[in-house]
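Chemist: Spelled out from the first residue to the last, the chains are:
Number of protein chains: 4
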Amino acid sequence: MRKPGFDPGLTQQYTGNVRRFIEKDGSFNVRRRGGTWHDVHPYLHLINMRWPQFLVWLIMGYLVTNTIFAAIYYELGPGELGLSAGMTLGRYQECFFFSAHTLTTVGYGSIAPIGLGANVVASIESLVGVLFFAVATGLLFGRVSRPSAKIGFSENLLMAPYQEITSLQFRVVNRRANNLMEIEARVLLMTVDSVNGQVQRRYQQLKLEREQLTFIPLTWTVVHPIDSESPLWGVTAADFERRRAEILVMIKAYDDTFSHTVFSRYSYRYDEIVWNRRFAPAFTVDEDGELVLDLQKVGQLTDGDGPPALTN
Amino acid sequence: MRKPGFDPGLTQQYTGNVRRFIEKDGSFNVRRRGGTWHDVHPYLHLINMRWPQFLVWLIMGYLVTNTIFAAIYYELGPGELGLSAGMTLGRYQECFFFSAHTLTTVGYGSIAPIGLGANVVASIESLVGVLFFAVATGLLFGRVSRPSAKIGFSENLLMAPYQEITSLQFRVVNRRANNLMEIEARVLLMTVDSVNGQVQRRYQQLKLEREQLTFIPLTWTVVHPIDSESPLWGVTAADFERRRAEILVMIKAYDDTFSHTVFSRYSYRYDEIVWNRRFAPAFTVDEDGELVLDLQKVGQLTDGDGPPALTN
Amino acid sequence: MRKPGFDPGLTQQYTGNVRRFIEKDGSFNVRRRGGTWHDVHPYLHLINMRWPQFLVWLIMGYLVTNTIFAAIYYELGPGELGLSAGMTLGRYQECFFFSAHTLTTVGYGSIAPIGLGANVVASIESLVGVLFFAVATGLLFGRVSRPSAKIGFSENLLMAPYQEITSLQFRVVNRRANNLMEIEARVLLMTVDSVNGQVQRRYQQLKLEREQLTFIPLTWTVVHPIDSESPLWGVTAADFERRRAEILVMIKAYDDTFSHTVFSRYSYRYDEIVWNRRFAPAFTVDEDGELVLDLQKVGQLTDGDGPPALTN
Amino acid sequence: MRKPGFDPGLTQQYTGNVRRFIEKDGSFNVRRRGGTWHDVHPYLHLINMRWPQFLVWLIMGYLVTNTIFAAIYYELGPGELGLSAGMTLGRYQECFFFSAHTLTTVGYGSIAPIGLGANVVASIESLVGVLFFAVATGLLFGRVSRPSAKIGFSENLLMAPYQEITSLQFRVVNRRANNLMEIEARVLLMTVDSVNGQVQRRYQQLKLEREQLTFIPLTWTVVHPIDSESPLWGVTAADFERRRAEILVMIKAYDDTFSHTVFSRYSYRYDEIVWNRRFAPAFTVDEDGELVLDLQKVGQLTDGDGPPALTN
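Heads up: the protein sequence lines correspond to chains X, L, V and U, in order. All residue numbers for the first sequence refer to the working numbering, where the first residue is 8 and numbers rise by one. All residue numbers for the second sequence refer to the working numbering, where the first residue is 8 and numbers rise by one. All residue numbers for the third sequence refer to the working numbering, where the first residue is 8 and numbers rise by one. All residue numbers for the fourth sequence refer to the working numbering, where the first residue is 8 and numbers rise by one.
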């Protein structure tokens, strides 16, 4: 019986060229169709939304709620809010601002509910207001406090000398100042190959020099040594292109500030591989015996192609 | 000594036919009795309740609290709230709306505590109000932000051709747009068998082609190959029914948006198994090289019973 | 070199009889001394406190804060709050209630800051109020939503027949209605023994028939078979007492509602062991094919000492 | 091919003496440069800030927001807030306090928006206020409830007799009253060595007598036995200094109150090692059979250098 190949949850079926599997921001190049509204989790949308869009939604929600309640107060008539005399603005405007006073529970009392209808509606609106802002508070805080690693990846994947052989290397850094613990890397090679006369996608996990670091205060050069057991043994740049190779990277770490496991995805396509270069060190020791890490240098290459250096 | 069989925490004792162990919504077919109020965790109830029921409880809590405080203000007499003159509504109504002003901390001041009694009660009520809405806020947000995977399962379990043999297959998909990482499946076969002349339930874990995927941007066809070591080797549809077979499925994954591990349970009963059919692919590659996944097609079968295809 | 014995983090040194290591509520029988206030985490105290005590602290905080601010307003003089005319209550009382209006942000306006001093203090107090209730809200919600398993343990530990030999058994149940997944048990035997002529405590992990269940919708009878490799092989009730045996139990599970790992500790002392009895089943199948679990029966024993039964 | 040495994520390159790798507070001795504002996560800063600094930021935010809104109200003119007559304080002051009433949603109504402009601005400000305090609430609670172990380490690392040989020992204690479960230790030796004629840093994991405890109600003496396989076999104090040895310690545990995994880092430099001494016990059994732990004694040494004792 044929052993099934490694499959990371992407398709093995080849039905056309896929631009790339993992985008530069870590998302998958997959469009979803056919979902029903039951599958939509509003929290997911509101938490993943970009900030300007989120704030627009929040302000829209505030305005629309006020507009609706203002219309109700207006319909109830002027006496209900005691607006008959001494009204400075248009009555609808007064209703709108009374609604805002109520929704935010400011309640100045400069306008106040007098009649039964206005009192009932205002009691409901203040409840709605408290609950509306409860959800807004939660979302705002959920967005702000959401655990999210900001792993920096070197722009290029290197085919670099390593001990007596060649290796595939890329470099990662924690771009944030928090501590990442027990950081792990997993690297997959995706190619389009002909297997038993059938064109299909193939996934192979690349063995790493080390798969986990205890912590990552500096940079980590993730190294796959290309020995005779590696699926990349003897592969050339032309092979990479012909087989439409994409190197998929998954980083997993424990974020010590947020107390949560965080994931980061990245991918390098065949045209992002640089041959026979090495990474330049990204840190120095200053005169006080302190290590200084330069985040700009995470992907910086050395000028020449000198002898193999220590990878970290 | 007899090695004890695998037991997933369900009973091995056969005392009658159990309709099914796991319901279609993932809950266990178990009713609980004999618990004391100490065992009730109100949060669990309020967080698991359906939305309409939750909102009814919330509104009831608001109304009941206001009704009680209104009665207290009413008992204190009209002077305490300065209601003697210029009263527009009935006195109890005014008390009720004053209570609502206080509970939600709107505090218009159109009605205000004048006497000592009303002031004391209002001080207490505003404290109650802040704490009541604190809990309501927490519950509301806890409900909205609760990590919950929405795994879609194929309607049927297939007995489908696989390489040279047969296999048991079902398909799962992440119905939501968030990322699930490190998704794992565990599949158990539950049967009612006669062991040493005693009728009892038996549980056997079914070995899967692969038990974990790194991520699941598309569908995952979970496959149990029925080789000579499988407890399903040579089993027929009639055997499944006679032994009252139920296939219990547990899916575990890490939800990257909620940063939590999520579980999903499902089961297939003997009458939900389809023989000699295969799943149709649920995704295509469009002209831009983008993968398009159709959530409707997760359980779709091919028309004929052609040659074995790639499972993913 | 002597292999160090298993040590669960308790002492091996014998300097006197310890009443018991783990109390019935799962806490350790350890008093702590010599900590500084730096080691106190107020959140831990406020979250672990019993409810009545917590509410007393909350109300005290509210009263004390109001008393202090009221004294400040009083010192500022009557004009600052416009209290000179039409005052209904004593001036300090008015100051106190104004403070309550401000702290809870009710702000009726029936009393309002007029002078500079009162305005400044009121601005500060309203800020304090919002932050005070922010913390109270968080604590209240933290208490309510805190993940906490409520594992029920059988009152007694049994020395019960098991297959052809004897076994040590106890039974656990999830007393709450939520789902516990991947439940694990670890059982340690603690004895006071003479090792190389030195009296010391010894800890031995007892091997279980099974250490993990996938889920626990019903009861779980945790079984340590006393075979020839068990440290309990041939041990009598008198031995247990003489060696002051205590069986320490740790249960670990994943709570599917709170999405957190939960722990539960328990212990059985030598005088809580019952010999030659078995547990009665705690569930039945009703006429609808539904399983019915009776939480009262988790520790119930059978009347006689009949043949060995299925443990689950 | 040379097997790469163990690397904890620190550098192997020797470009100068590093004062120490891990500071006494557990942070890494690394300065970061070249980050962009995209890499700054404001929540991380606000949650890691010291309390006085955090409160200053909070109060500053409150004052600045009020100052800005007060200026806007002032610009709108006196009629907008109805301040023309009966004004007690300077107009800007009245605007400032009105802003405070609005931002905190106290809303006394002693000053209230009359004109269109003031009403619009006040509607916006009350929204800003609710959201500002939503974030402040979240931060305040996030700070208070943040899981953080407070592991106490013995001041010194001992080279102490152990069975027939020598061992490296240090002692840890949970300084807080909460329960830590499944506590793990990992210990690394960092030295500056000459490898193949090249000066470089070397990292070696030190094998521990036991790497995990089930719980830690008392102290834990972490022991690395220096047998013939240890990299410390036959090492002298002079060697430690010459090789600039630093012992890096990482403690990982599950905090049962916060329901989170917590980490603690520590390091001992060559000049913090004490030779031929042992730890004194830090606990006693009192007359009630209760264990009493003295947190002050976690690092206390015995006076003489008697025979080897039990490590726990």
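FYI, nobody ran anything at the bench for these hints, they're computed from the structure. Accuracy of the hints is not assured; some may be wrong.
Remember, identical chains collapse to one label, so a pair may be satisfied in a single copy or spanning two.
Here are the simulated EDC-like pairs of lysine to aspartate or glutamate, each with C-alpha atoms no more than 16 Å apart in a straight line [stated by the list, open to error]:
| hint | residue 1 | residue 2 |
| --- | --- | --- |
| 1 | Lys259 | Glu189 |
| 2 | Lys31 | Glu294 |
| 3 | Lys31 | Glu236 |
| 4 | Lys31 | Asp278 |
| 5 | Lys157 | Glu236 |
| 6 | Lys157 | Asp46 |
| 7 | Lys157 | Glu171 |
| 8 | Lys214 | Asp46 |
| 9 | Lys304 | Asp46 |
| 10 | Lys157 | Glu218 |
| 11 | Lys304 | Glu30 |
| 12 | Lys214 | Asp295 |
| 13 | Lys31 | Glu297 |
| 14 | Lys259 | Glu248 |
Only a predicted model underlies this, so the values are computations on that prediction, with no experimental measurement involved.
Chemist: Determine for every hint whether it applies to the structure shown.
Modeler: Against the structure, the hints come out as follows:
| no. | hint | result |
| --- | --- | --- |
| 1 | Lys259 <-> Glu189 | both (8 Å within a copy, 11 Å between copies) |
| 2 | Lys31 <-> Glu294 | neither (38 Å within a copy, 20 Å between copies) |
| 3 | Lys31 <-> Glu236 | neither (29 Å within a copy, 44 Å between copies) |
| 4 | Lys31 <-> Asp278 | within (14 Å within a copy, 46 Å between copies) |
| 5 | Lys157 <-> Glu236 | neither (33 Å within a copy, 40 Å between copies) |
| 6 | Lys157 <-> Asp46 | between (28 Å within a copy, 7 Å between copies) |
| 7 | Lys157 <-> Glu171 | neither (34 Å within a copy, 47 Å between copies) |
| 8 | Lys214 <-> Asp46 | neither (37 Å within a copy, 30 Å between copies) |
| 9 | Lys304 <-> Asp46 | between (43 Å within a copy, 15 Å between copies) |
| 10 | Lys157 <-> Glu218 | neither (19 Å within a copy, 30 Å between copies) |
| 11 | Lys304 <-> Glu30 | neither (23 Å within a copy, 25 Å between copies) |
| 12 | Lys214 <-> Asp295 | neither (39 Å within a copy, 32 Å between copies) |
| 13 | Lys31 <-> Glu297 | between (33 Å within a copy, 15 Å between copies) |
| 14 | Lys259 <-> Glu248 | neither (28 Å within a copy, 37 Å between copies) |
In this structure, the hints that do not hold are numbers 2, 3, 5, 7, 8, 10, 11, 12, 14, in rising order.
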